[in-house]
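Protein chains in written order, with UniProt numbering: chain A, 1 to 402; chain B, 1 to 402.
Treat the hints with care, as some may be off.
Pairs count within a copy or across copies, as identical chains cannot be separated in the list.
To be verified - Below 20 Å or equal to it, Euclidean Cα-Cα: the simulated PhoX-like pairs (lysine-lysine) are: (1) K149 to K232; (2) K201 to K251; (3) K271 to K44; (4) K177 to K142; (5) K251 to K132; (6) K232 to K250; (7) K229 to K66.
Keep in mind the hints are simulated off the structure, nothing from the lab.
There are 2 protein chains.
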Amino acid sequence: MSIQQRMINLQNISRRQTLMQDKHMLMIPGPTPVPESVLLAMAKHPIGHRSGDFSQIIGELTENLKWLHQTQNDVLMLTVSGTGAMEAGIINFLSAGDRVLVGNNGKFGERWGKIARAFGLEVEEITAEWGKPLDPQAFKAKLEADTQKTIKAVIITHSETSTGVLNDLQTINTHVKAHREALIMVDAVTSLGAVSVPIDKWGLDMVASGSQKGYMIPPGLGFVAVSPKAWKAYETATLPKFYLDLGAYKKATDKNSSPFTPPINLMYGLKVALDMMKAEGLDAMFTRHQRLTQATRAAMRGLGLSLFAPDEAASHAVTAVMPSTVDAEAIRSTMRKQFDIALAGGQDHLKGKIFRIGHLGFVSERDILTAIAALEATLQRLGDQGAKSGAGMAAAAKVLGN
Amino acid sequence: MSIQQRMINLQNISRRQTLMQDKHMLMIPGPTPVPESVLLAMAKHPIGHRSGDFSQIIGELTENLKWLHQTQNDVLMLTVSGTGAMEAGIINFLSAGDRVLVGNNGKFGERWGKIARAFGLEVEEITAEWGKPLDPQAFKAKLEADTQKTIKAVIITHSETSTGVLNDLQTINTHVKAHREALIMVDAVTSLGAVSVPIDKWGLDMVASGSQKGYMIPPGLGFVAVSPKAWKAYETATLPKFYLDLGAYKKATDKNSSPFTPPINLMYGLKVALDMMKAEGLDAMFTRHQRLTQATRAAMRGLGLSLFAPDEAASHAVTAVMPSTVDAEAIRSTMRKQFDIALAGGQDHLKGKIFRIGHLGFVSERDILTAIAALEATLQRLGDQGAKSGAGMAAAAKVLGN
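Just chain A, with the same shape it has in the complex (with noise of 0.2 Å):
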């Protein structure tokens, strides 16, 4: 059969498809796929967010959080997406002038860089190559040559969402806590609730978080830890600031309360998403994302398809392929059309280059199976020479199978 027969033999199954419309499957890094019982529960009516009962529920979600970050720090809620989170972590702990290093080796890491530049920072940059992992060498020079201690903060993004890179922030931090006065900023938007982010014991000063990621939630709702440490920064932190004031969300949060109108469904979702972690436990939630992402990059192997990250900066959230002979995007569209399956493409010049299988949140191995089969028919459909029938689910298999 040639291509062009099948891709109207495509063409064919995608106008079935409108039948199965509701047969969809999110295979992206966010928003990740959302629990029934999470979204049942965000079709309750609302309440007051001023009432008893809500604030009950405030202060439910508030020691559960603490348990999800693993610290007795303040963790605030925020009604802002990842950035908004992100964005109130620089300002309320440092002022315009301030100087900043920054690790930028993707979309996320650069949009540190253009946060604190708007708000008049001094950024230095820590760069890698997209798809490498920071060198934490890098972070180490800079510091030690730092004696006049003018370096207010570093501020890292844990796992690159836009390549699949996890960066070693525990040995980064290492050389953070050797300088003393640098507090230490964590995006781990991408990295909370698949791999461990022990904030009190690797004392992590900021760390912000999103709803659509780990958490296991439709997007709306941002997280903010922040430390005794941090607190200390924001006395004397001048940048203007009043609805991303975090002085006023702790105030609130420790009367279990909000200081404005919270999003009271999503945080109805919250509380069943973190029954569910609390029943699963951490350490078995963060084996589950390991084995994913094994599986996945076995698979990819298998296929004869490119990994993006190296093995050793594996994000256990999402995995960057780079396919050879294939066009990513021709993957996608043939993956969203015959399988229903929504991978991501690749960001600014990785458009079209790469694409991307999220595993992050509410995906079970049964999901990174379904979705290797379909890749595999997918490269059979666009003629992939290179793709050995059943490789990939062989090499996935037998991950799994262990």
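Mind docking chain B on chain A? Use the hints.
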């Protein structure tokens, strides 16, 4: 029966209510009741916000939002509460040191002043006692005296949620228009959808609102409508911004996209809610809110309760009531425990002095009759001598019988 015996009975009733927990009735000015069809739409699985399908939803929402706002101006959607929308409305169009006139006759007028000061604006307040409307003449005098055109903006709360006062935006705006230079910025959080806010006809430069009000959906989405004149001011405004940079929202909205991850499921709900509004029509919607307001006010008078705002400045979203012989908090507590109806209390110095009945959004004539009937029974229980049995219902029925 003694009041003590009555309160014991109430405790028993309250215990029984736990079986009836899904019969809760929201009669507060936000969150407002949400239609079942909206709740069920929100319970759908999220799809990717960068997909073509979602792009179509953004396009449709934007068109319908313009219809609701009676404007051809941009109407932008942000993941924020109403306060976030207010802040975005200020920081995008003004710079530190700019002189602004702020109307303050309640908690939300006061909040405008707080936000403006937090960003270093030079705030001149025009105040009125809580419960009284702002005097347009006071604005006229200030604006006419400003021959040097140093006033950059006039900032007004249209419907003051804390007191149930509707400020005379139309007249105040004529004075702003005579000044020619100043922008007119409006908090329409509890006026949009309840009364006409004809943005294009009046020439309103910035109008901020939030989802949990007239929009009939849960909290988590903010809206900012921006005029060409405001966009002109944006070009030279210097306050730092990133997450709330409306230029980024405009750029994305023009391409049926969003700069950051939007609250997908709330937008599913908004789609249904806007379709419902279009089916009712703007005029019918405003008339319904007017009738609910008139029925509520007539009933309160029938029951011998004082209205906090005068007839000529009555908000069509919320009615504040000041009982004289019975405690406002006792009324709220009994309404909650016996009838499972939530009323709002007074804020700040009005705490315990007033209660507020919300009749905004998805509220029908049947709902307001229900609330009035329960209030009559509550006053009886609390031994209010002034409340003539049946007088509230009689007065409301007279209004609604027309």
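Each hint tested on the structure:
1. K149 to K232: Only inside one copy: K149 and K232 sit 16 Å apart there, 42 Å across copies, limit 20 Å.
2. K201 to K251: Intra 25 Å, inter 42 Å, cutoff 20 Å: neither.
3. K271 to K44: both (13 Å within a copy, 18 Å between copies)
4. K177 to K142: For K177 and K142, only the intra-copy Cα distance (13 Å) is at most 20 Å; the inter-copy one is 56 Å.
5. K251 to K132: The answer is neither: 41 Å in one copy and 31 Å across copies each exceed 20 Å.
6. K232 to K250: So K232 and K250 pass the 20 Å test inside one copy only (13 Å; across, 37 Å).
7. K229 to K66: Classified as within; 17 Å inside a copy, 46 Å across copies.
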